[in-house]
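Q: Below, each chain spelled out in residue letters.
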Amino acid sequence: DGGITQSPKYLFRKEGQNVTLSCEQNLNHDAMYWYRQDPGQGLRLIYYSQIVNDFQKGDIAEGYSVSREKKESFPLTVTSAQKNPTAFYLCASSPTGGIDEKLFFGSGTQLSVL
Amino acid sequence: GNSVTQMEGPVTLSEEAFLTINCTYTATGYPSLFWYVQYPGEGLQLLLKATKADDKGSNKGFEATYRKETTSFHLEKGSVQVSDSAVYFCALSGSNDYKLSFGAGTTVTVRA
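Top line first, the protein sequences correspond to chains A and B.
Residue numbering for the first sequence follows the working numbering, beginning at 1 and increasing consecutively.
Residue numbering for the second sequence follows the working numbering, beginning at 1001 and increasing consecutively.
The hints are simulated quantities; they were obtained by calculation from the structure and are not laboratory data.
Predicted model, so just to flag it, every value in this text is computed and none were measured.
Treat the hints with caution; some may be incorrect.
Unchecked claim - Listed next, the in silico DSSO-like pairs over lysine-lysine satisfying Cα-Cα at most 30 Å (straight line):
#1 B/K1099 / A/K71
#2 B/K1060 / A/K102
#3 A/K83 / A/K57
Chain A on its own, in the form it takes in the complex (with noise of 0.2 Å):
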């Protein structure tokens, strides 16, 4: 079945360390997106790529990284600098990244801070 992969379901991160979540589709899609869930606060936008080799920051990309080296895989780093990294993560990926696609959504990566 094709879909959006997200691991590991759960993640837990030690203070001054940098955590990697992975993001893996097979829809053959160019655009994904990281999107980061506060309880009441909605979905923010981290990072988003619309072609391998090339991303662009979201609207709280401080503290993060990505890379997207290849067209199925799009992973997210949360770095040192990221102070307060406890959220849901969200990833996902459309066809091309145009105004009125359709997003499809991973199942997401719960990280919390030890």
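Please arrange chain B on chain A, whose structure you already have, making use of the hints.
A: Below, chain B without anything else, positioned relative to chain A:
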């Protein structure tokens, strides 16, 4: 910039009740409007969308009409079921950018 405001929850209903979730937006140009639904422990799924004024999106008994004069996209369902319990997000994409702006989400609980 673009923004979406939706009614605060949580909303608790009995089965077969009528559901309305209000959503208003601020945007330049002619945005596209969406409702996404998130079931417990899952990612979001597109529920319906409308791409121009007076369009009505519909799916699974839910409807929403793109009202440019009131800048609104309210979600309605005439008779809810327990399986409709979820968090509902209103969202818009601008007429000249690729980013979706989401509302804060409304938690709906339907009791048997």
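Q: Can you name, in rising order, the numbers of the hints this structure does not satisfy?
A: No numbers; nothing is violated.
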